[in-house]
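Chain by chain, the residues run as shown.
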Amino acid sequence: MATKVIMPKLSPTMEEGQISRWLKKEGDKVSMGEPLAEIDTDKATMEMQALGNGVLRKILISEGQSAPLGQTIAVIGEPDEDIAALLSEAPPAQPQATEQKEPDVPPPAPAVAQPQPASKAAAAAAGPRPVDNGRQPQAAASDSGRMIVSPLAARMAAEAGIDLRSLQGSGPGGRIIKRDIEAAISQPAPAAPSYPRVVETTRFQQAGAAGYRDEPASQIRQTIAKRLVTSLGPVPHFFLTTDIEMDRAAEMRKGINALDPDLKISINDIIIKVTAAALVQHPQVNASYQEKVVRYYDQADIGVAVAIEDGLITPVVRAANQKSLSQIAAEVRELAERARSKRLKPEEYMGATFSISNLGMFGIDEFTAVINPPEGAILAVGAMTAKPVVRENEIVIRQMMRVTMSCDHRVIDGATGAKFLQTFKKILENPLYLVV
Amino acid sequence: MSKQTAAPPDVDPQLLKNERDEAKNRQKSRLTGLDKEKLIELYRQMLLIRRFEEKSAEVYVAGKIGGFCHLYIGQEAVGVGTISAIRQDDYVLASYREHGLALAKGMSARSIMAELFGKATGCSKGKGGSMHMFDKSLGFLGGHAIVGGQIPLATGTAFATKYQGTDQVTLCYFGEAAVNQGAFHESLNMAQLWKLPCIYICENNQYGMGTSLARAMSLQNIAQKACAYDLASEFVDGMDVLAVREATLRAVERARRDYLPTLLEIRTYRFMGHSMSDPGNYRTRAEIEKYQERDPIKLFAASLLEEKIVEQKGLDEIDRQVREVVEDALRFADESPLPDPEELYTDVYANPIEPGRK
Amino acid sequence: MATITIREALNQALREELARDDKVFLMGEEVAQYDGAYKVSKGLFHEFGGKRVIDTPITELGFAGLGVGAAMAGLRPVIEFMTFNFSILATDQIINSAAKMLYMSGGQINIPIVFRGPGGSAFQVSSQHSQALESWYAYFPGLKVVMPSTPADAKGLLKSAIRDDDPVIFIEQERMYGNKGEVPDDPDFTIPLGVADVKREGKDVTIVARSLTVPLALKAAEQLEQQGVSCEVVDPRTIRPLDIDTIIASVKKTNRVVIAEESHPICGVGAEISAQIMERAFDYLDAPVKRVSGADVPMPYAKNLENLAIPDVNRIVAAVREVAYID
Chain A
1 MATKVIMPKL SPTMEEGQIS RWLKKEGDKV SMGEPLAEID TDKATMEMQA LGNGVLRKIL
61 ISEGQSAPLG QTIAVIGEPD EDIAALLSEA PPAQPQATEQ KEPDVPPPAP AVAQPQPASK
121 AAAAAAGPRP VDNGRQPQAA ASDSGRMIVS PLAARMAAEA GIDLRSLQGS GPGGRIIKRD
181 IEAAISQPAP AAPSYPRVVE TTRFQQAGAA GYRDEPASQI RQTIAKRLVT SLGPVPHFFL
241 TTDIEMDRAA EMRKGINALD PDLKISINDI IIKVTAAALV QHPQVNASYQ EKVVRYYDQA
301 DIGVAVAIED GLITPVVRAA NQKSLSQIAA EVRELAERAR SKRLKPEEYM GATFSISNLG
361 MFGIDEFTAV INPPEGAILA VGAMTAKPVV RENEIVIRQM MRVTMSCDHR VIDGATGAKF
421 LQTFKKILEN PLYLVV
Chain B
1 MSKQTAAPPD VDPQLLKNER DEAKNRQKSR LTGLDKEKLI ELYRQMLLIR RFEEKSAEVY
61 VAGKIGGFCH LYIGQEAVGV GTISAIRQDD YVLASYREHG LALAKGMSAR SIMAELFGKA
121 TGCSKGKGGS MHMFDKSLGF LGGHAIVGGQ IPLATGTAFA TKYQGTDQVT LCYFGEAAVN
181 QGAFHESLNM AQLWKLPCIY ICENNQYGMG TSLARAMSLQ NIAQKACAYD LASEFVDGMD
241 VLAVREATLR AVERARRDYL PTLLEIRTYR FMGHSMSDPG NYRTRAEIEK YQERDPIKLF
301 AASLLEEKIV EQKGLDEIDR QVREVVEDAL RFADESPLPD PEELYTDVYA NPIEPGRK
Chain C
1 MATITIREAL NQALREELAR DDKVFLMGEE VAQYDGAYKV SKGLFHEFGG KRVIDTPITE
61 LGFAGLGVGA AMAGLRPVIE FMTFNFSILA TDQIINSAAK MLYMSGGQIN IPIVFRGPGG
121 SAFQVSSQHS QALESWYAYF PGLKVVMPST PADAKGLLKS AIRDDDPVIF IEQERMYGNK
181 GEVPDDPDFT IPLGVADVKR EGKDVTIVAR SLTVPLALKA AEQLEQQGVS CEVVDPRTIR
241 PLDIDTIIAS VKKTNRVVIA EESHPICGVG AEISAQIMER AFDYLDAPVK RVSGADVPMP
301 YAKNLENLAI PDVNRIVAAV REVAYID
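Going line by line, the protein sequences match chains A, B and C.
With the numbering used here, letter number 414 in the first sequence gets 414, and the count goes up by one each step, no holes.
With the numbering used here, letter number 302 in the second sequence gets 302, and the count goes up by one each step, no holes.
With the numbering used here, letter number 187 in the third sequence gets 187, and the count goes up by one each step, no holes.
The set of hints was computed from the structure by calculation and includes no laboratory data.
Hints are not guaranteed to be accurate.
[Said to hold, decoys possible] The calculated DSS-like cross-link candidates involving lysine-lysine, where the alpha carbons are at most 30 Å apart (straight line), are: (1) Lys-252/C <-> Lys-195/B; (2) Lys-254/A <-> Lys-425/A; (3) Lys-136/B <-> Lys-51/C; (4) Lys-195/B <-> Lys-253/C; (5) Lys-23/C <-> Lys-136/B; (6) Lys-345/A <-> Lys-252/C; (7) Lys-225/B <-> Lys-51/C; (8) Lys-39/C <-> Lys-195/B; (9) Lys-195/B <-> Lys-136/B; (10) Lys-39/C <-> Lys-345/A.
Generate coordinates for the entire structure from the input sequences, incorporating the hints supplied.
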């Protein structure tokens, strides 16, 4: 007798659950009480147990997808039983962006978003065999790593700035098709900062030990954790540090802002523009390592790290090399505003070619930043402080600022990075170079 | 009622050689009653065809003519004799060995030579070539390359002229090998059944490419085949231009007056190969030479001289004139331009449709 | 507007064009005294006489060539093949004479001829009598190929074909002669060649169908509507020249195409349309173009086998569901 597996209520406040991991595959034998899947609830990830005996005939909601309480998410039955009736009751799956193994072919989308590591095998099977008046074969569970996309979906994804690697295709063979893109556009990736969840905290007290409380990691915290672990681990970082004399830049800033009270250029805006200018002169740094291919970008899209309530996000100033200081300043202001109020769209925080993180306002002299994958480098900017330095054999006071550049050694070598930093320093110390 | 003359003896060159004098005598009797201008014109046309075809052979081996080139040398009397019996508004349809027929029908040597050269000034704008000469204004409807393909077409033009109530006739030329094609039989059947004014002219030059008549045909008497369709037929000596003319006049009369078709089996010979690419090892040099003794142009010249219609220097003058025409045609063809590349896409449809346009 | 069968529509078209132009005549086997093997020419011999409506011996190559010759000399023949299977005998004249005459004569001689008759399958008439040859003829520049699917299309297109100055291959369908539809009363009603017709509008999947598969596609669309899939049915009507723009506009709208045809798949019209869609609408395709064609076998006699050999509504529905990623 075939039975439906429905989304169970695993916490008092749970309204919907997300499949974190299936512990059984279609065709596996299942017995009463065996764990079937791990489900992300609003609180935590819980195990779901099978309530029937038989074979897991069909999985209706894949990993990463969500379903409300009570919805059929799988069917258990005898191997040869007709389960069509049960299947027809299940509403069509809601495709959502989820983790996927990195394909060996880069996707056609120009906006490179944040790829997720493979924590489980995805359904990216080989392309369909040629058909002769027959149906196309269904996706095998095998993983060849090749992503297949319909031409229409590829175009839609490119236009919407969606990274195809972040999608699970619902077509045959795992093909990404139009409805997958439509769903991705209407539902942003779970890696995106979401609205803060209402969380309950529980307090524990144990005699003698320090008290503590556990708070469920917010989505954003989880995202940061996941993403930057993937960076520091696989990406071979090396670090270049240099001190920059900021006097002339500071003076330029004062001068510009004096022209017009509305301008309000900040040092960081100048740093962004100088970075972009330097990238134009050193295109090998405006690059990204993509499995077997090094991607060189045509323009400098600078990600500017912005601290927000839960953590950190990097809205992107596109084509900063073509924008004026006032444009950059206005844009950064606006993007930061919307970042803090969580109104950024995916294409606004995805796809930077180079990032800048500035902790100067917190009095940090220097720090090393972790590269935002898949970018090639990141610049960590420290505070501007008056310091004594030796110029022409004399000790003078200058406004010094220390920057540390983290480089991905797979795409940037020491000398390349150093030359870039040299140019960056040259321009920032003599900002008149910007108008030359 | 079918009217047949007895079939000639088998084509033995020895016998043909003996026939030469007999033919000359027959011809002599026909010369009376025809006006001198007309006779000289017949001679001139045959010689023009001869010189034109000789020149074509020359320029073909020089590489100026591409593809196939099927020459009419030896068969001039057939073309000239038959066409002399019809009007300009009568139709002629032929096979790919049609240069001589085109000239006889009145097409200019220039337009034919230019077509052989594939030039824009050719009669078919360079898009047909040797096998597809056309001139609608003169009723010369091609030039067809599939053996026997022109036979149903000619039956159709005859159908059309009768349908339209005119007394135009159609002459349809084909070789004896085409007689084995189904299209021949289907056409003759319809022509007699519906009484169509079509004259089927079988130019029996005794070889279908490399295959002699004896090797291809069970009943080699082609004129006799007409009785299968209850159709009138005649056997004609194709080396005698006047004999050809007279037989054609009889057939034309029958067609114009009674809409009755005729099959003329005209025995002739081609002195060159099937085409310029033919090695010709299926017949002997001796055989060719025997037939060349009955060269229709030589025969006719002899008759004209003997009857004092013309003198030798008159004949030489005609030769000089036709050579001049041929040289002029050659120059014209040489100097003419190739077709415009845009012509590749023209003349596919008389009524080209831009799809989607309502 | 009158509701008539395709047979009647063709009959009207012939009658009207015979009356309109003296140069038009109808020729074929049994077209006159027998009133036509499929009664398409019923009554025409009686009305126009033996000069305009002519019975032929069984001599396809002969009368096809005669027709072309008559066209060369100024007439406008309508040559009927009792079925297009028999046209195979006449192909030398259709292809080497009719299709090429204008071109090889350097534009001097056009051939305003119509070769018409039923093509494709009938009911259990076996392999030699059931062939769909449109892709053969569509292959040749110089020919035009038309396939109507409704009475209005049949009448309007046949009139246009007869008035066209080029050779037109006009392929009817024996199974459909009795199909009914509305036809305008206007005696000068024509439909231009080279214009496709959207028989049903929809937004999810395009079905390109012709002749026999048009009513099948429309039925499939009805069923699919109940299943929540909105199908657009496009009937090219003229195969050469093909109104590909209408098909492409539909594909750009729906992003998914099924081509339904009773002919074999190999080197068929569906293959051509598929190639053109791939060339012109590649970035609009959400699924590969799917063809539902006749089986790649000679037509069998047995009733069940014959039904398997021809597309049906279920196969079209299944194909649509496949490209729409349902199931």
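These are the hints, each one checked on the structure:
1. Lys-252/C <-> Lys-195/B: 59 Å, violated
2. Lys-254/A <-> Lys-425/A: 20 Å, holds
3. Lys-136/B <-> Lys-51/C: This hinted pair holds, its Cα atoms lying about 26 Å apart.
4. Lys-195/B <-> Lys-253/C: Judged against 30 Å, a Cα distance of about 60 Å means the pair is violated.
5. Lys-23/C <-> Lys-136/B: 19 Å, holds
6. Lys-345/A <-> Lys-252/C: OK: Lys-345/A and Lys-252/C at ~28 Å, within 30 Å.
7. Lys-225/B <-> Lys-51/C: With a Cα-Cα distance of about 29 Å, the restraint between Lys-225/B and Lys-51/C holds, given a limit of 30 Å.
8. Lys-39/C <-> Lys-195/B: 28 Å, holds
9. Lys-195/B <-> Lys-136/B: 25 Å, holds
10. Lys-39/C <-> Lys-345/A: The hint is violated at about 69 Å.
Checked against the numbered hints above, the structure breaks hints 1, 4 and 10 and satisfies the rest.
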